[in-house]
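If you read the sequences in order, they're chains C, H, G and E. Using numbering that gives the first Met the number 0, read the first sequence as starting at 0 and increasing by one per residue. Using numbering that gives the first Met the number 0, read the second sequence as starting at 0 and increasing by one per residue. Using numbering that gives the first Met the number 0, read the third sequence as starting at 0 and increasing by one per residue. Using numbering that gives the first Met the number 0, read the fourth sequence as starting at 0 and increasing by one per residue.
None of these hints come from the bench; they were simulated from the model. Among the hints, a few may not be true.
Which copy? The list can't say, so a pair holds if one copy fits it or any two copies do.
Listed next, the in silico BS3-like pairs over lysine-lysine satisfying Cα-Cα at most 30 Å (straight line) [stated by the list, open to error]:
1) Lys132 / Lys63
2) Lys139 / Lys31
3) Lys20 / Lys31
4) Lys126 / Lys31
Quantities reported herein were computed from a predicted structural model and do not represent experimental measurements.
Number of protein chains: 4
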Amino acid sequence: MEAFSDGVLAIIITIMVLELKVPHGADFASLKPLLPVFLSYVLSFIYIAIYWNNHHHMMHAVHKVTGTVLWANVHLLFWLSLFPFCTAWMGENNFGLWPVVLYGTVAAMAGIAYYILAHCLASIHGKDSTIAKALGKDRKGIISVVLYLAGIGLAFINAWVGFSMYVLVAAIWFIPDRRIEKNLEQ
Amino acid sequence: MEAFSDGVLAIIITIMVLELKVPHGADFASLKPLLPVFLSYVLSFIYIAIYWNNHHHMMHAVHKVTGTVLWANVHLLFWLSLFPFCTAWMGENNFGLWPVVLYGTVAAMAGIAYYILAHCLASIHGKDSTIAKALGKDRKGIISVVLYLAGIGLAFINAWVGFSMYVLVAAIWFIPDRRIEKNLEQ
Amino acid sequence: MEAFSDGVLAIIITIMVLELKVPHGADFASLKPLLPVFLSYVLSFIYIAIYWNNHHHMMHAVHKVTGTVLWANVHLLFWLSLFPFCTAWMGENNFGLWPVVLYGTVAAMAGIAYYILAHCLASIHGKDSTIAKALGKDRKGIISVVLYLAGIGLAFINAWVGFSMYVLVAAIWFIPDRRIEKNLEQ
Amino acid sequence: MEAFSDGVLAIIITIMVLELKVPHGADFASLKPLLPVFLSYVLSFIYIAIYWNNHHHMMHAVHKVTGTVLWANVHLLFWLSLFPFCTAWMGENNFGLWPVVLYGTVAAMAGIAYYILAHCLASIHGKDSTIAKALGKDRKGIISVVLYLAGIGLAFINAWVGFSMYVLVAAIWFIPDRRIEKNLEQ
């Protein structure tokens, strides 16, 4: 399961660059319209890297896998697979309202899918397992989804304010899930 | 063999998203024409995930690999590799007759290829092997191909009725192959 | 080295399908112009599968890897990476003279690169190694390159005659390299 | 970490070929405008192969991985992921000033990112570790970045002179990092 997920994440993070369309002109000015697409690319690159990082840490605390877990994992990969599309739409439209709303929606669905996968794994391994203890009340996971929803709402006032909520989520997840890391060491 | 197959499946499932062409407009309405492409994408995503899942389970019950098995596997990957093309054609033409027929044909060929691979592996491992017992009469595999052929036929009456047959196949395969799983546990 | 090569081969074999451009029409007739592209796709799919198969078998007989071997491998991957381009050019131009010549040139270079890699590995492992014995005089490798060159020459008379030489090479390699397989078993 | 990095590098090196757009004509002359794109492709292929080679060697000398290392690695992959874009822009514009400057900038950033990753790993493993000794004063890494910066500067005089600096860097890295290889053997 980990090899397949790692493969899918590696492909998602790399094919996003295909949406950075090569400009026809050769002067410095022809790069300028690419700036929002690039900004959008950087955020999504960090997001997918965070998911890979946390997914990777989580898998190392896993001992059993059931059919339900496999499908919870596919469900997560599905939402992550939509990132290249959303990234391109948001970038090419210079962070317009609906692209920012869609990006937040897909990001929130991915967050919920990760939450489901994590809790699915925790319930299989039992209350006293490394993974269940590490998740605890999973405040970070819940806060992320709340921030995505806040971002979607705020986008209707100002798309950039909404977008800044997504940047905030990336910032709080930037550090790999120390909860699992700490519990694993013991 | 498993690493290569996993890689190919991971790439197929991910590059399909490249056919979800980014719309030029930035308003909500510009997403609407993408709905059939998205629906087509969701079905194919589930199909490839099912194949990965079952392929993965099958490989864990395998001890010997021959040249014939290698080519039976490449044959399966060939038909699966045509999914991104069929998915896009069916989605972009809003489930027209011929795209639905082609999708069903490729899906049926993939089903037959999986059947050949499974029986090839079963015959190598002998009548009493985990894999042979697990397959049994392989009703599910045969029913799938019958449903695909029914879907192709029904598409000439109504493309959506034909398409619903393909959804039905996905539904009956949704649960990982418990036959192998059960026999492996013993 | 095997994981990286397997990854590159899995990507090459899969992204070739992106050159099968989705037709705009939805009727049966719109598939017809795709036929030469599809034929070209099938041949290249078989070629890459053969390379993966033989590369995979060869790697299992390998115990030592040097810097030279790593670069001989990268050299092989380079020529194989040009297959999606040549496949598309040959298919889209309905097997015209120059596309057929280029396809044969790239195929011949890949054949030579495989020959270099194999002999590089054989010389490192010594005269009495499994890999050296398995290669023997490597008639099959030499015949392939000769057939490619013949195909390039014949293409100037008739492109389809030239192309049939490439099909012949695929036919003689279709069976995995039994030489290595046999020697490994002992 | 190695599997994910290998995956990303395998994808980068392979999708670059998608930027070698298939020409519409079928005659020999229609290949001619592709020459600069091909030249650009060859250089980038060698670069990514060098990074894979050295990254691979470095990972084999690594025993501990921290959160900081994971992010230093993602940082390196980020700059490498921009290669397909820069390669295409430089090739399609026949080595114009700004494309050559951008290529050098991304290459320099990747060089700096590799330097950071290597020193991050060396500091974790301690002064007397294989990896720290192998790096030594890391002259090669520093010289590369200096050559990239020289190339960027020289591009303002003549783009080809600037470009030749990048070729020089590829030449000095062509041989896998013998420093680590040598120390590993002891």
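How the hints compare with the structure:
1. For the identical chains of this complex, Lys132 and Lys63 are neighbours both inside a copy (16 Å) and across copies (24 Å), given an alpha-carbon limit of 30 Å.
2. Taking the shortest alpha-carbon separations for Lys139 and Lys31, neither the intra-copy value of 36 Å nor the inter-copy value of 34 Å comes in at or below 30 Å.
3. For the homomeric pair Lys20 and Lys31, the shortest alpha-carbon distances inside one copy (12 Å) and between copies (23 Å) are both at most 30 Å.
4. Within a single copy, Lys126 and Lys31 get their C-alpha atoms no closer than 53 Å, and across copies no closer than 45 Å, so neither meets the 30 Å cut-off.
When held up to the earlier numbered hints, the structure conflicts with 2 and 4 and fits the remainder.
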